[in-house]
Structure formats: structure tokens, C-alpha cells
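S.K.: Listed below are the residues making up each chain.
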Amino acid sequence: MAKAPPITNRIRELREQHGGMSQSALAEAIGVTRQTIIAIELGKYSPSLESAFRISRVFATDLERVFGWEGPPKR
Amino acid sequence: MSPSLAIRHMPFREKTAWVMAAILIGGAAFYLYLVTSASRALGQTAPPIIGFVIAYVVLIVIASMALMSALAALSPREANAPADERERIIGDKAGNWSSYVIVLAALGALWHYAMKQDGNMLFHLVFLSLMLGQIAEYVFQIALYRRGV
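Top line first, the protein sequences correspond to chains A and B. Under my numbering, the first sequence has 59 at position 57, and the numbering climbs by one with no breaks. Under my numbering, the second sequence has 49 at position 6, and the numbering climbs by one with no breaks.
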């Protein structure tokens, strides 16, 4: 498998908290395919900044509550 | 996940990549078979038959259009939707990598010509290089869809 990007996310958890929102519904809300949502949730794809903001808006929360950074800390 | 379920959940563009790769691999194998059998019969590299090459390309285009239409009929919504950001990245990367395959294969064909001065073989190798480049593009797309971008 390709090296996973150091970006984590809580999309699956947030979907469950939002009435069990389906991957298809989230995909449609932000304008990507369901497979792209699956790839993001599995850490196989890091979304663009625009899509990341769109996802956080769907869940009515801040970007940093959806996505996290596990890369090297700031120097 | 069962194979039928995996196919159902596959992105539309990955399905089309599988179909196109299969058509082109079959086409390249058939072309190779015709050229080698004709060359064996002639006792030298078979000359290019332009009419055959054109008919062959037209047949591949028709076969791919028919199969793509069938796929689109099965999932019209996905087929009509524009590529999303991940699919565009996959398309760009696969197209970029496959250009290296075409260049390497074409250089191989030129090297062969420089060594053997066989113009007929040069034609067949360049034609196969173009097919190889297209096959590589679809194979890279499939790999990127499955492994991640």
C-alpha cells in the first residue's frame, strides 16, 4: 500500500454522531464520489483544503476537530 | 468482499480502466500474434499493412465505445458525473507515468532499428509502444485506485 499521509480524521465517528450519515450522503454534500470518502476515511487520500473545509462545514465544526496531524512537530 | 460486490462498489472510472486495459491487452496480443505468424510465413518481418492497422484501430474504438456505453447504462449517474479531485489526480499521475513508458518503448524501438536496420520491425515496435503506453496508463490508474494516491 502507498505510504499513508500523516493526516488523521474523525469522519467515520462524525458521520455516526450525525444520525449515521452515509458515505454517499457526505460525498454528495461535498461534491466527490463515495469512493473518495472511503479513501479519505481509510487514510489513503488526503483531501484538498477546499474539500476539508466542506466536510467540516457539513458537520458544523472546526477543521481541526475533523482532521489531525501526525507528522513531525513544528520546529 | 465477494468479487461481484467488489465490482459493484468499484468507482466508475476504475471499471472503465479495467475494461479499456482488457481490450487493449487483447488487441496488442492479437496484433503481436498476426505480425509474428505473418513474419514466420514470409521468412522476414511482415511489412505494415496500413489498411489493416486502420481497421484494427477502428475496431478497438468501436469495441471500447460499446463496452463503455454498457457500463454507463449500468450506472448512468456516475458516468455523467465529472471526475472529482481524487480521480483527476489519479488521471494526471497515470498519464504522466505512462508517458515515460511510451518514451522508453519508443527508444527501445529506435535502438532496435539502429542495430538491425529493420524498418518493418520499427513500424510494429512503435505501434506496440503506443499501445503499451495506453495499457500502462490504465494499469497505473487501477493501481492508484486500489493502493491510494
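Hints were generated in silico from the structure; no laboratory data involved. Beta carbons are placed, not taken as given, at the ideal position from N, Cα and C, and that holds for glycine. A couple of the hints might just be wrong.
Some but not every residue of chain B turned toward chain A, in silico, with C-beta under 7 Å [what the hints assert, rightly or not]: (1) P54; (2) E128; (3) R131; (4) D135; (5) G162.
S.K.: Each hint needs a verdict: does it hold in this structure or not?
M.R.: Hints and how they fare:
no.: 1; hint: P54; in the structure: 4 Å, holds
no.: 2; hint: E128; in the structure: 5 Å, holds
no.: 3; hint: R131; in the structure: 10 Å, violated
no.: 4; hint: D135; in the structure: 14 Å, violated
no.: 5; hint: G162; in the structure: 43 Å, violated
The structure is inconsistent with the numbered hints 3, 4 and 5, although it conforms to all the rest.
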